[in-house]
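Spelled out from the first residue to the last, the chains are:
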Amino acid sequence: MSDASTATATPKLTRKDFISDQDVRWCPGCGDYSILAQVQRVMPELGLPREKFVFVSGIGCSSRFPYYMNTYGFHSIHGRAPAIASGLKIARPELSVWVVTGDGDGLSIGGNHLIHALRRNVGLKILLFNNRIYGLTKGQYSPTSEIGKVTKSTPFGSVDYPFNPIAVAMGVDASFVARTVDVEAKSLQDILRRAYEHPGGAFIEILQNCNIFNDGAWETVTDKATKADTVLLLEHGKPLIFGKNRDKGLRLGAGGSLEVVTLGNGTSETDVLVHDERNRSLAYMLAHLSNPTPIGVFHAMPRPVYEEAMARQVDAARQKQGDGDIDALFKRGETWVVE
Amino acid sequence: MTLETQVDGAATAKRKEQRESVVIRFAGDSGDGMQLTGMQFTTESALAGNDIGTLPDYPAEIRAPAGTLAGVSGFQLNFSSLDIYTPGDNPDVLVVMNPAALKVNIADLKAGGLLLADRDGFDEGNLKKAGYTGNPLENGSLDKYQVVTADMTGMTLRTLEDLKLSNKVATRCKNFFALGLCSWLYSRPIEPTIKWIQDKFKKTPELVEANTRVLKAGYHYGETTELFAVQYEVKPARIAPGTYRNITGNSAVALGLVAAAKKAGLTLFLGSYPITPASDILHELSYYKQFGVLTFQAEDEIAGVCSALGASFGGVIGVTTSSGPGIALKQEAINLAVMVELPLVICNVQRGGPSTGLPTKTEQADLLQAIFGRNSDSPLPVIAAATPADCFSAAYEATRIAVKYMTPVILLTDGYLANGSEPWNIPHFEDLAPIPVVFRTDPTGFFPYLRDPKTLARPWVKPGTPGLEHRIGGIEKAEVTGNISYDPLNHERMTLARARKVEAVQQDIPPTLVRGEPTGDLVVVGWGSTFGAIAAAVEELRNHGTRVSHVHLRYLNPLPADLGTVLAGFKKILVPEMNTGQLRMILRATYLVDAVGLNKIQGQPFKVTEIADAIRRVLEG
Numbered sequence: 000m001s002d003a004s005t006a007t008a009t010p011k012l013t014r015k016d017f018i019s020d021q022d023v024r025w026c027p028g029c030g031d032y033s034i035l036a037q038v039q040r041v042m043p044e045l046g047l048p049r050e051k052f053v054f055v056s057g058i059g060c061s062s063r064f065p066y067y068m069n070t071y072g073f074h075s076i077h078g079r080a081p082a083i084a085s086g087l088k089i090a091r092p093e094l095s096v097w098v099v100t101g102d103g104d105g106l107s108i109g110g111n112h113l114i115h116a117l118r119r120n121v122g123l124k125i126l127l128f129n130n131r132i133y134g135l136t137k138g139q140y141s142p143t144s145e146i147g148k149v150t151k152s153t154p155f156g157s158v159d160y161p162f163n164p165i166a167v168a169m170g171v172d173a174s175f176v177a178r179t180v181d182v183e184a185k186s187l188q189d190i191l192r193r194a195y196e197h198p199g200g201a202f203i204e205i206l207q208n209c210n211i212f213n214d215g216a217w218e219t220v221t222d223k224a225t226k227a228d229t230v231l232l233l234e235h236g237k238p239l240i241f242g243k244n245r246d247k248g249l250r251l252g253a254g255g256s257l258e259v260v261t262l263g264n265g266t267s268e269t270d271v272l273v274h275d276e277r278n279r280s281l282a283y284m285l286a287h288l289s290n291p292t293p294i295g296v297f298h299a300m301p302r303p304v305y306e307e308a309m310a311r312q313v314d315a316a317r318q319k320q321g322d323g324d325i326d327a328l329f330k331r332g333e334t335w336v337v338e
Numbered sequence: 000m001t002l003e004t005q006v007d008g009a010a011t012a013k014r015k016e017q018r019e020s021v022v023i024r025f026a027g028d029s030g031d032g033m034q035l036t037g038m039q040f041t042t043e044s045a046l047a048g049n050d051i052g053t054l055p056d057y058p059a060e061i062r063a064p065a066g067t068l069a070g071v072s073g074f075q076l077n078f079s080s081l082d083i084y085t086p087g088d089n090p091d092v093l094v095v096m097n098p099a100a101l102k103v104n105i106a107d108l109k110a111g112g113l114l115l116a117d118r119d120g121f122d123e124g125n126l127k128k129a130g131y132t133g134n135p136l137e138n139g140s141l142d143k144y145q146v147v148t149a150d151m152t153g154m155t156l157r158t159l160e161d162l163k164l165s166n167k168v169a170t171r172c173k174n175f176f177a178l179g180l181c182s183w184l185y186s187r188p189i190e191p192t193i194k195w196i197q198d199k200f201k202k203t204p205e206l207v208e209a210n211t212r213v214l215k216a217g218y219h220y221g222e223t224t225e226l227f228a229v230q231y232e233v234k235p236a237r238i239a240p241g242t243y244r245n246i247t248g249n250s251a252v253a254l255g256l257v258a259a260a261k262k263a264g265l266t267l268f269l270g271s272y273p274i275t276p277a278s279d280i281l282h283e284l285s286y287y288k289q290f291g292v293l294t295f296q297a298e299d300e301i302a303g304v305c306s307a308l309g310a311s312f313g314g315v316i317g318v319t320t321s322s323g324p325g326i327a328l329k330q331e332a333i334n335l336a337v338m339v340e341l342p343l344v345i346c347n348v349q350r351g352g353p354s355t356g357l358p359t360k361t362e363q364a365d366l367l368q369a370i371f372g373r374n375s376d377s378p379l380p381v382i383a384a385a386t387p388a389d390c391f392s393a394a395y396e397a398t399r400i401a402v403k404y405m406t407p408v409i410l411l412t413d414g415y416l417a418n419g420s421e422p423w424n425i426p427h428f429e430d431l432a433p434i435p436v437v438f439r440t441d442p443t444g445f446f447p448y449l450r451d452p453k454t455l456a457r458p459w460v461k462p463g464t465p466g467l468e469h470r471i472g473g474i475e476k477a478e479v480t481g482n483i484s485y486d487p488l489n490h491e492r493m494t495l496a497r498a499r500k501v502e503a504v505q506q507d508i509p510p511t512l513v514r515g516e517p518t519g520d521l522v523v524v525g526w527g528s529t530f531g532a533i534a535a536a537v538e539e540l541r542n543h544g545t546r547v548s549h550v551h552l553r554y555l556n557p558l559p560a561d562l563g564t565v566l567a568g569f570k571k572i573l574v575p576e577m578n579t580g581q582l583r584m585i586l587r588a589t590y591l592v593d594a595v596g597l598n599k600i601q602g603q604p605f606k607v608t609e610i611a612d613a614i615r616r617v618l619e620g
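Chains as they are written, first to last, in numbering that gives the first Met the number 0: chain W, 0 to 338; chain F, 0 to 620.
Worth double-checking, as some hints may not be accurate.
Straight line, CA to CA, 30 Å or less: simulated DSSO-like cross-link-like pairs of lysine-lysine [claimed, not checked]: (1) 143(F) / 234(F); (2) 330(W) / 215(F); (3) 237(W) / 185(W); (4) 237(W) / 226(W); (5) 199(F) / 319(W); (6) 201(F) / 330(W); (7) 202(F) / 319(W); (8) 15(F) / 234(F); (9) 461(F) / 15(W); (10) 330(W) / 202(F); (11) 167(F) / 201(F); (12) 194(F) / 330(W); (13) 319(W) / 194(F); (14) 11(W) / 461(F); (15) 319(W) / 262(F); (16) 163(F) / 201(F); (17) 201(F) / 319(W); (18) 226(W) / 247(W); (19) 262(F) / 330(W); (20) 234(F) / 330(W).
To be clear, the hints were calculated from the coordinates, so they are not data collected in a lab.
All of these numbers come straight from a predicted model, not from anything done at the bench.
Chain W with its partners taken away, still in its complex shape (with noise of 0.2 Å):
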């Protein structure tokens, strides 16, 4: 993907590089600040000219992004980043193309064109910032929103049964699944250079705090205090094992399902399930984990890129029949002569 020799033609490039003249306008202490600050740190790092970036995004909170990177952006109509972004990739495969979306705009008005863009496998890394809520329209439920949850649109609790965004992007066959959290700088940055060096699509949910409408939804996640209990971190050929101690692990149960053990009287490390990126059947079942929950990649596995595999056949096309000539096209079928 990247250009070794563009890249070593390029004067090295800084966080500062990706700051565009525009005002960051989202609200204080939102965690898209976060976010924001780790994209604008890894750009520089992945060896890629800047105008080579092409930021696309829908409509909400999440999707004025592009706004604030310095490169190239499109900021859209709500839903349809995906579907834009597609378009662009298949024209231009040798951009890096990505897009920021939300819980609302990538699931619920944009869940067609996401599950779309998974399932062909079109070279687009996908950010969906999960807060579980609508900020921009200050304050109704989302897709991911739980049950129960009372907001100004459902002031006697939600009754919509929740996407689980991993899942769902699990069920569509996506070549690289993740989930990050806002705060965590390290892991956010990792997953992000992964992405990028994932051959195809890449789909990330960043779990993220609205400390407008939504404050603390995922404080289980982040809470220092007791995250090292409640957060598996995912680490490809190392065992699922989490905890203060590191003393809990993941096994396959007798039903088939995974539960979770203590280690010690008699339950050792190789009893425990280890990590494997390219086991669909494991991240499927660790989609649907909930307690701990898993923070890192579900599932990395290369598979045929949309737009390569576009641009063969029209390769092959040309290959077989020349560049085409646009006159014997015009005269394709019976033709007659009047003198």
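We have chain W; now place chain F onto it with these hints.
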């Protein structure tokens, strides 16, 4: 014209009679292959040098129950030694394969016209399904026509006896019997069809053999039987010199887009979703990979247009194709294209509506949708094609305007143009108008919304160009810089700038062509596929001394700068439309003229006589 000659069973020597024009309609069950029969007869006629016009008419259901009225499929062809404009009003000849086809079509056949029927198709079951109590071929109810019947199915089966085909497969060859018979009757060459059969069925040699045999059997049957005393001949038409092919509107749109993209030096990207009657454009473009054409069958109509807009942002020419219901879904993204000022071609192959309406029938009722159907003040150029072959030029022009003015352009065709066909005088690519495209690469003094003084277009920048990184979007832009702006006066200036930019397209519109005298008693103003019927009606009346002229609009938005002056030269204005009066409303509002409408909303194109009658009525009234 009519066929005066009586069928004389006693005649032995076959005479050849000349005809200027013949309108023939093939009708049968949708599984009977009538579209194919019609298209092959068209090819034969084109190769015989006739001017042609065609009108397919098929049901929306893929396979309605066999033998029912709902399942009747028809194909009408007008072939002539004169310059013709339409597929003809009423057929001179009607070929029917079953009673349902007879029932649906017989009212259109001219009195004294030739009815050619497959007698085997008129069995008890089929008669009942069509609602006949007796056999109309035998009970004298068709006495005002010349009725000729032949056991087409039976003869087809006998011709194929030794080939060991299943009864079903063999029966399906009967359309070639009808084609062979009609080919003889009108002295058409059958060699092109034999060649076509060989190509089409090359993987199943037994079908090549079967269909060729049946075609020849039908042809020889005409020659040797005593059913017909006369064979007809329609001499080649005197049309402009050149190399011709027969082309449908959908095919012409596809070629126009490919040609325009190549002329502009741009990759063509089509984002589309299947919809009747536009899908054939997607089908055709998906073959043209050697021209670098990228076709993306999106998950829905919205993704079709959005992907095309994303592609245009990337520096290629984005196109989306659809019909009315799909356009309704796309409008929000088209509005985004208006706001971000990127080129985009939106082709609406109009069909009967509202809602699902009449998917396979034609209408031109999306004009107001095209011009006004988006939220807020959202101007864009609208261009309409007039004939099947004209779809090529219209698609080419739409693309040229889109890149020149950095704007979405809506191209209107309709089901009648899309599936109808006519001879196309094939152009040379090098003779087509240039489409210059300049991508901005110089960062000095660059602003995303700095406008060209002549076209008011903003610069087009390919992402990947160093030093020109910028952001665009649907929120109102500050003039020049393109930054987000909520400033009230800026919004007013930007709204007016967008409108002025679309008005500036007037400088690309040639002076209005008035067909006939530049002034007179009445001008017929049309747009889109009504061209043929209007042109034929006006020509006919002018030959009889009526002071009537014809103006046909290609540019619906903006309208030509001289149109008001042109209209002022006539005492009366008649606007025939296949809608309730959409162009008429615009003309009245724009020019304060008392335009009168002739409105037909039947899913069928105008007949020449309908327009001619209306002209007479308006002139008398």
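Each hint, compared with the structure:
1. Using a Cα cut-off of 30 Å, the hinted pair residue 143(F) and residue 234(F) holds, with the two alpha carbons roughly 28 Å apart.
2. Restraint check for residue 330(W) and residue 215(F): the C-alpha separation of about 28 Å stays at or below 30 Å, so the hint holds.
3. Between the alpha carbons of residue 237(W) and residue 185(W) the distance comes to roughly 18 Å, so the proposed pair stays at or under 30 Å and holds.
4. A C-alpha spacing of about 19 Å is found between residue 237(W) and residue 226(W), which places the hinted pair at or below 30 Å, so the restraint holds.
5. Distance hint between residue 199(F) and residue 319(W) is fulfilled; the C-alpha atoms sit about 22 Å from each other, no more than 30 Å.
6. Between residue 201(F) and residue 330(W) the alpha-carbon distance is near 22 Å, which keeps this suggested pair within the 30 Å criterion.
7. Distance restraint check for residue 202(F) and residue 319(W): the Cα-Cα separation of roughly 22 Å lies within the 30 Å cut-off, and the hinted pair is therefore satisfied.
8. A distance of roughly 12 Å separates the Cα atoms of residue 15(F) and residue 234(F); the hinted pair therefore holds under the 30 Å criterion.
9. A threshold of 30 Å between alpha carbons decides the hint, and for residue 461(F) with residue 15(W) the separation of about 23 Å falls inside it, so the pair holds.
10. Among the hinted pairs, residue 330(W) with residue 202(F) is consistent with the structure: their alpha-carbon atoms are about 25 Å apart, no more than 30 Å.
11. Taking the CA atoms of residue 167(F) and residue 201(F), the gap is about 20 Å. The hint holds against a cut of 30 Å.
12. With a CA separation close to 17 Å, the supplied pair residue 194(F) and residue 330(W) stays within the 30 Å bound.
13. With a CA separation close to 25 Å, the supplied pair residue 319(W) and residue 194(F) stays within the 30 Å bound.
14. The suggested pairing of residue 11(W) with residue 461(F) holds, with an alpha-carbon distance near 23 Å, which does not exceed 30 Å.
15. A threshold of 30 Å between alpha carbons decides the hint, and for residue 319(W) with residue 262(F) the separation of about 23 Å falls inside it, so the pair holds.
16. Of the supplied pair hints, the one linking residue 163(F) and residue 201(F) holds, its CA atoms being roughly 19 Å apart against a limit of 30 Å.
17. Among the hinted pairs, residue 201(F) with residue 319(W) is consistent with the structure: their alpha-carbon atoms are about 21 Å apart, no more than 30 Å.
18. With a C-alpha separation of about 13 Å, the suggested pair residue 226(W) and residue 247(W) falls inside the 30 Å cut-off, and the hint holds.
19. A C-alpha spacing of about 18 Å is found between residue 262(F) and residue 330(W), which places the hinted pair at or below 30 Å, so the restraint holds.
20. A distance of roughly 24 Å separates the Cα atoms of residue 234(F) and residue 330(W); the hinted pair therefore holds under the 30 Å criterion.
In this structure, none of the earlier numbered hints is contradicted; all agree with it.
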